[in-house]
Structures are given as structure tokens and as C-alpha cells.
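Participant: Chain order of the listed sequences is B, L and X. Going left to right, the first sequence walks through residues 1 to 240 as my numbering numbers them. Going left to right, the second sequence walks through residues 1 to 258 as my numbering numbers them. Going left to right, the third sequence walks through residues 1 to 238 as my numbering numbers them.
Honestly, the hints are just simulated from the structure, not real lab data. A few of these clues could be false.
Keeping only pairs whose Cα atoms sit at most 25 Å apart, straight-line, the calculated DSS-like set for lysine-lysine is [claimed, not checked]:
id	chain 1	residue 1	chain 2	residue 2
1	B	27	B	92
2	B	104	X	222
3	B	180	B	110
4	X	68	B	13
5	L	131	L	209
6	B	180	B	119
7	L	201	L	131
8	L	65	L	255
9	X	164	B	92
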Amino acid sequence: MIVVKNLHKSFGKLEVLKGIDCHIDQKEVVCVIGPSGSGKSTFLRCINRLEEAQQGQVFLDGEEVTAPNADINRIRQEMGMVFQLFNLFPHKTTLENVTLGPIKIKGMRKEEADDIAIKLLRKVGLGDKDHVFPGQLSGGQKQRVAIARALAMQPKVMLFDEPTSSLDPEMVGEVLEVMKGLAYEGMTMIVVTHEMGFAREVGHRVFFMDEGILMEEGTPSQIFDNPRNPRTQSFLSKVL
Amino acid sequence: MKKFLSLLLIVMLAIGMLAVAGCGGNEEETAITKLVVGSETAYAPFEMVDENTGDYIGFDMDIIKAIGDAMGVEVEIRSMEFTALIPALQNGQIDCAISAMSITEERAQSVDFSDSYFDAGLIIAVAADTKGIETLDDLKGKVLAAQIGTIGADACVAVQTEDPATEVKTYDHVGEAFMELEKGGADAVVNDLAVTAYYIKTEASDKAKMVGEVFQADDHYGMPVQKGDAATLALLNEGLAKIKADGTYDEIYTKWFE
Amino acid sequence: MNFGFTNTEWIFGTMILDKLNEIHGFQVVVNNLPNFGMGALLTLEITVFSIVIGMVLGLLAALGRMSKVKVINSIAVAYIDFFRGTPLFVQILLLYFGIIPLIFDATPVQAAIIACGLNSGAYVAEIVRAGIQAVDRGQMEAARSLGMTQGQAMINIIFPQAFKIVIPPLINEFIMLLKDTSLVSAISVPELTHTGKMLYASTYEAVWVWGAVCVFYFIMTKALSILGDWTERRLATE
Ligand SMILES: Nc1ncnc2c1ncn2[C@@H]1O[C@H](COP(=O)(O)OP(=O)(O)OP(=O)(O)O)[C@@H](O)[C@H]1O
Ligand SMILES: [Mg+2]
Numbered sequence: 001m002i003v004v005k006n007l008h009k010s011f012g013k014l015e016v017l018k019g020i021d022c023h024i025d026q027k028e029v030v031c032v033i034g035p036s037g038s039g040k041s042t043f044l045r046c047i048n049r050l051e052e053a054q055q056g057q058v059f060l061d062g063e064e065v066t067a068p069n070a071d072i073n074r075i076r077q078e079m080g081m082v083f084q085l086f087n088l089f090p091h092k093t094t095l096e097n098v099t100l101g102p103i104k105i106k107g108m109r110k111e112e113a114d115d116i117a118i119k120l121l122r123k124v125g126l127g128d129k130d131h132v133f134p135g136q137l138s139g140g141q142k143q144r145v146a147i148a149r150a151l152a153m154q155p156k157v158m159l160f161d162e163p164t165s166s167l168d169p170e171m172v173g174e175v176l177e178v179m180k181g182l183a184y185e186g187m188t189m190i191v192v193t194h195e196m197g198f199a200r201e202v203g204h205r206v207f208f209m210d211e212g213i214l215m216e217e218g219t220p221s222q223i224f225d226n227p228r229n230p231r232t233q234s235f236l237s238k239v240l
Numbered sequence: 001m002k003k004f005l006s007l008l009l010i011v012m013l014a015i016g017m018l019a020v021a022g023c024g025g026n027e028e029e030t031a032i033t034k035l036v037v038g039s040e041t042a043y044a045p046f047e048m049v050d051e052n053t054g055d056y057i058g059f060d061m062d063i064i065k066a067i068g069d070a071m072g073v074e075v076e077i078r079s080m081e082f083t084a085l086i087p088a089l090q091n092g093q094i095d096c097a098i099s100a101m102s103i104t105e106e107r108a109q110s111v112d113f114s115d116s117y118f119d120a121g122l123i124i125a126v127a128a129d130t131k132g133i134e135t136l137d138d139l140k141g142k143v144l145a146a147q148i149g150t151i152g153a154d155a156c157v158a159v160q161t162e163d164p165a166t167e168v169k170t171y172d173h174v175g176e177a178f179m180e181l182e183k184g185g186a187d188a189v190v191n192d193l194a195v196t197a198y199y200i201k202t203e204a205s206d207k208a209k210m211v212g213e214v215f216q217a218d219d220h221y222g223m224p225v226q227k228g229d230a231a232t233l234a235l236l237n238e239g240l241a242k243i244k245a246d247g248t249y250d251e252i253y254t255k256w257f258e
Numbered sequence: 001m002n003f004g005f006t007n008t009e010w011i012f013g014t015m016i017l018d019k020l021n022e023i024h025g026f027q028v029v030v031n032n033l034p035n036f037g038m039g040a041l042l043t044l045e046i047t048v049f050s051i052v053i054g055m056v057l058g059l060l061a062a063l064g065r066m067s068k069v070k071v072i073n074s075i076a077v078a079y080i081d082f083f084r085g086t087p088l089f090v091q092i093l094l095l096y097f098g099i100i101p102l103i104f105d106a107t108p109v110q111a112a113i114i115a116c117g118l119n120s121g122a123y124v125a126e127i128v129r130a131g132i133q134a135v136d137r138g139q140m141e142a143a144r145s146l147g148m149t150q151g152q153a154m155i156n157i158i159f160p161q162a163f164k165i166v167i168p169p170l171i172n173e174f175i176m177l178l179k180d181t182s183l184v185s186a187i188s189v190p191e192l193t194h195t196g197k198m199l200y201a202s203t204y205e206a207v208w209v210w211g212a213v214c215v216f217y218f219i220m221t222k223a224l225s226i227l228g229d230w231t232e233r234r235l236a237t238e
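Between the sequences and the hints, there should be enough to build the whole structure, so can you do that?
Facilitator: Put into C-alpha cells, the structure is as follows:
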């Protein structure tokens, strides 16, 4: 479903991605782990072109995302993204946060969008918070609204960039539960995370990234129980 | 809100009191050694700034320097807006002024004037291609330009009072009134003959012309001093008499007007 | 009929009024209140029209300044730099006597509005740009990641948030602009300061005339800042 070929990205002189190759199947949940600064976020952001790669290609269902003439605004609708810092729209209610995309981008009628949004808010456990502004929500609630907002565009794949890293520990669980639910429904997901438990339990495959290179990939048990690369071993020994 | 208004009134009153207190009594009489002279130095050929040296030059400047020389006092010129001259005298910021100022009854209520040192009059100036404006009567209903606070402006307002369709544009400096005439924003400029003649000669011989007769020819320039300042007044009058007697005045007159 | 004052206050007040009526400057001010009013009205008119022009130009210039198109960017930068980098007084004289006559025949009031509007636009542009840049980058990224175009994201996400940020500095700019309109008296616009100049030239009552002019300006700027506070509070509760 997603194919990445020889992806290179530099910020000025700093080479952050040094040729990434991978493919992700439909309904697959891939967790990306690795030390801080290894390029995980950059990798994710190059996939929906929030960052422009200097070299290499990304394909979504055979269509080249990185092509200069690609209709990136349409392609992005098919790739939902959830950020570490939520990035909810503070001047809109939670309901409006969720309906804004369908109404403004897809031209959906408000009633229809509201219906979908209410269903999604219920799904993430916030059916009663539709007229609340983001400022009045806890971190975990915000992140769940952000997930609902991304889902409202009915994407084919969801990109998560450390969705629980800025949450208080007691709120991590509620967000992971929502993500787990999505995975069981068959959503294709790429999740950059430090939650090794989630990666082991929910992930179909785990990517270990270090210094801009995809050092090792495999099933959770391959990576966590029998890491072959010494870098993976040393990283895991620190975090587990 | 009412309280606020009354407060406002009291503040204004307090300011007024301060002003009254500020114009205190005259200083002790001592021999004058220096004159601080106010002038609006943008009124050629009476007063202007020398483009090259930056000095104040002009007919008035030569006259006051000659008076200073004749009386053995130092003269310091202070450049200021024309409308600021009389208030500056009243506050004692300057000792006298020389600035092509006509002696009028109105002004004489606020200041004392020296003997007249120049006989002037008003003239109408129009664009070179203007026809049909000759007299004050012809100015009715037209757009007139003049300098704020001059008798030329008073003359314009008098025309406007007779015919409200007349528009009067007033400027801080006469140069802007002439510019307005040049760019077609005014039909006529009413101003001092000598200044207008000098301006047309030096700046706009092909763009503007003087029309009609000199009017208000009973216009005389004097040097104002603070009301009751007899010492300065005597000094100015004596000096003026001296330079008229010894031919210096005539030299200066010839230099600037012939 | 004591208008809510106590008797002592009332008597004291009338005493002050009697004293005031003996002062020439006070009479000058009172007799010319209608003239001050007309001047103040014109000041307000010039300010309002200049604000409208300034807002439109400022918004365009701010967007131009952030544009990646070289030509548009350079034009916006040149415009902003020129009008912020030279005195308004000089701009007024240059525009009225020099540049505007080449284009059309403007009245002094029109020229004043054009000059003040152009000048204000440059300042508004910088305020708007700062406001837009003060909105968290993540907001733009979230909007774009949903599939919004740059324009959609600007209109739906960035502008509404920037709007709240720019209100206080904008009100400040409008107050400055109102005061700066006093400079157009140089081109014979009979606004408040010009009214003061004329009256001062014929009465020499510097303190009373300029004091009254101050009071009129103060009332207008105070009204503007009250309006600003009110708008801010309205937005804050939303
Ligand atoms: N916009 C940018 N400009 C310059 N350098 C950047 C930019 N974004 C990221 N970098 C640099 O690129 C490198 C990789 O950053 P990235 O955010 O992809 O790492 P990461 O693996 O997500 O780390 P973390 O776990 O801390 O989020 C870092 O050294 C970072 O400083
Ligand atoms: Mg990261």
C-alpha cells in the first residue's frame, strides 16, 4: 500500500534520512522506534510531504506522492496525521475541529458532517464534549479529538508521530486504547512511538531507525526478543 | 460623566492659571547687550536661509544686524513659525521679532511695535495663463491660498465673508501657498508685494504673474517687542533712525529690491 | 437642578465658571467650540478612511511580504520600508505637491487620506505579519495534513487566530494614526490642528487653544481605546 524508495532528506548540511526503503501493506500496523534525533518524525513527515525529500520516492496505492505534479492536497486527505502536540484548532469547538475538514475540503453538508463527527467523537469516548473548546480538555482528551479529526477525512492510512509522548502517564492508556481499536478494525497505521508495550502488542512489524537509516525490521518478537543488529540491542537494553 | 467634565474644566483652568503665572513681570532695567530676535526664516527676500552657508539672510536680517551694529549690541536670530512669534514675545523667549510683520491694531493689543521700517502692500498673484482676475472683487468664489496668520490671509477671509462660495487654503509657509498655485490647486495667492515679486522673479517667472494694483498700501512693517518693554523699543527705534541717517538702510534696500 | 452635585460643589463650580468667563482665552475656546468640533469631525473622517485603506493595503502587503514570489515580495518590502522609513510629514508634502498631481487632481482632504492610508498600511502590514507568524506552526501543519490548500488553511485556521493577536497592536496603530493626521494641516486640510493653528494665529492664546485641541484629541483617542478594549473582551469570551 505504501512503498518508500531510497528516501533522502537533509536540513542544510545535516543529512537526516540516508536512503530509506520499505513497504507497508494494507491493514498493517508498523511501529517505528529508535533513539531521539534518528529521523523518525522526519521520515513520517516526508511520507505526506510536510517535509519535502531531496531524493527518492513515496507511493500510495501505486500513485507517486513525491511526483512534482501530484495532487498533494487530495493525497493528504487519504493520509491522516496525528501530532505529538495535538495541534487542535483552539478557536473551534471539538465538533468543529472534526467537521472542518469534511465541510471545507470535501464540501460535505454540515448536518452530514456533524453526524459523522458525533459518531467519531463517541468512538474515541468524547461524545459528550462536542461543544467544548480544546482549551478545556485534558491532554489525553485533546489527542483523542485529534484522532477523530484525522479519521473524519476517511483516510486509507494513519500516521502517528509520538501521540502519547507529551501526555501525563495516566492519560497514555486511553489514547493507546483508541489506537488499538483502530488497529483491530483494520486501519493501516504507521506509529512512531516510545511505547514498547504497544509496539509489541499491536504492531505487526517494528522498524528500528538510527542515524537516518532503517537499521532493522521484523516482527515484534524478532525485534524485541532476538534483535540481531548491535545498535538495536543497545537501544533496547536502554529502554526496556 | 458630569464629574469627569467638571474635572476636565478644572484641569483646563489650572493650565490657564499656570499660563497667567508664566507671563510674569518685567525684569530689572539693565543696559541691553544682546537681542534675541525671532523670525520666520522662510519668507524671501525678507528672511531666508542661505542655501550654501546656512546663514539667515534677507532684507530684515540685514536691517536688524545693522541696528545691532549701530547700537553696539549682539544680535541672535532664532528661527520659528510666524504664528509663534507673538506668543514667544509674550513669554519672554525672544526680545523682539523682525519678520515682515505688518503693524495691525489687533497685534498692537498684544505687543508694542517699533517705528515702521518698510512700507508694503498686498498683491494678487495668479498662474501665468489666468485671465479675468484683476481685483479683490474678482476673487469671489475662487480658491485662494495664503499663509496662516498673515494680513494676506485676513484679506482672503474678508473675501470669503462676502461670498461664502470662496475657498481659502492656508499654509504654515508662503512657499506652500505658491506651490498650490503652481499645481493648480488654487486660483490666486494673496500676499505681500515684495515677497510675491521676489518669488515670481526667482522661482516662477514663466508660471505665475502679479495682477492688478497693490492694495492695503497703508501696510507697514514693524518690529514687535513685549508689551511695555520700553528699553528694547527705544533701542530699536534709535538704531533704525541711525541707519536711516547714515545711508546704511538705503544700501540694504537697494541690495534687495532694485 | 444640581446635576447630582452637592450644594457646595455646585456653588464652587459656578464660581469657577464666573472666573473663567473673565479670561479671554476661555472665551476664545468657548466661542470656537463649533470650529473645534468641525475640525475634530474632519480628523475623524480622515482617520476612518485612512484606516480602511491602511487595512486593505496592510493585509496585501503582509501577504506579499510572506510570498515566495520574488517580484511580489520585493514590491511589498519596498512599500513597507519606504513608508516606515521616512517621516509621514515628508510623505504628505511629497504626495500632495509632487506625486498625486501627476496622477489626478486631488483635494487636500483626498491627498491627506491617501498619504495617511499609505503610511498606515505599512505599519499594519508589519502588525499583521507578526500576528500571522505568532500563530503556532503546528496549526498550519495540521490544516495542511487534513488536505487543505495553503489558502484554505490561511482563511480557516491562521487568520482567525492571528486576528485576536493583532487587535491590541492594531488599535494602538489607529490611535497613532489619529494623532498623526495632525500633520496634514501642512497641506491646508482644516482638521483639528489646522483649526487650532488658525485660531492661535489670530488670538495668540497658545495655552487655551492648544489645550482645547489636546482635549479634543484625547476624547477621540480615548474613545478608540475603549472601543479596542471592548473588542478584545468580546473576542476573549468567545
Ligand atoms: N525543520 C528542521 N530544520 C533543521 N533540522 C531539523 C528540522 N527538523 C528536524 N531536524 C533535525 O533532524 C534530526 C532528526 O529529527 P527528527 O525530529 O526526525 O528526529 P526523531 O527521531 O523524531 O527524534 P525524537 O524522538 O526526538 O522526536 C534532528 O537532528 C533534528 O534536529
Ligand atoms: Mg520526533
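Participant: Each hint: holds or not?
Facilitator: Structure-based check of all given hints:
Taken as a hint, the residue 27(B) and residue 92(B) pair is broken in the structure, with Cα atoms around 32 Å apart against an allowance of 25 Å. As the CA atoms of residue 104(B) and residue 222(X) are separated by approximately 41 Å, the hinted pair breaks the 25 Å bound. For a cut-off of 25 Å, the pair hint linking residue 180(B) to residue 110(B) is broken: about 29 Å separates their Cα positions. Our distance criterion of 25 Å between C-alpha atoms is met by residue 68(X) and residue 13(B), whose separation comes to about 22 Å.
A C-alpha spacing of about 11 Å is found between residue 131(L) and residue 209(L), which places the hinted pair at or below 25 Å, so the restraint holds. Using a Cα cut-off of 25 Å, the hinted pair residue 180(B) and residue 119(B) holds, with the two alpha carbons roughly 18 Å apart. With a CA separation close to 20 Å, the supplied pair residue 201(L) and residue 131(L) stays within the 25 Å bound. Using a Cα cut-off of 25 Å, the hinted pair residue 65(L) and residue 255(L) holds, with the two alpha carbons roughly 15 Å apart.
Between the alpha carbons of residue 164(X) and residue 92(B) the distance comes to roughly 14 Å, so the proposed pair stays at or under 25 Å and holds.
Checked against the numbered hints given earlier, the structure breaks hints 1, 2, 3 and satisfies all the rest.
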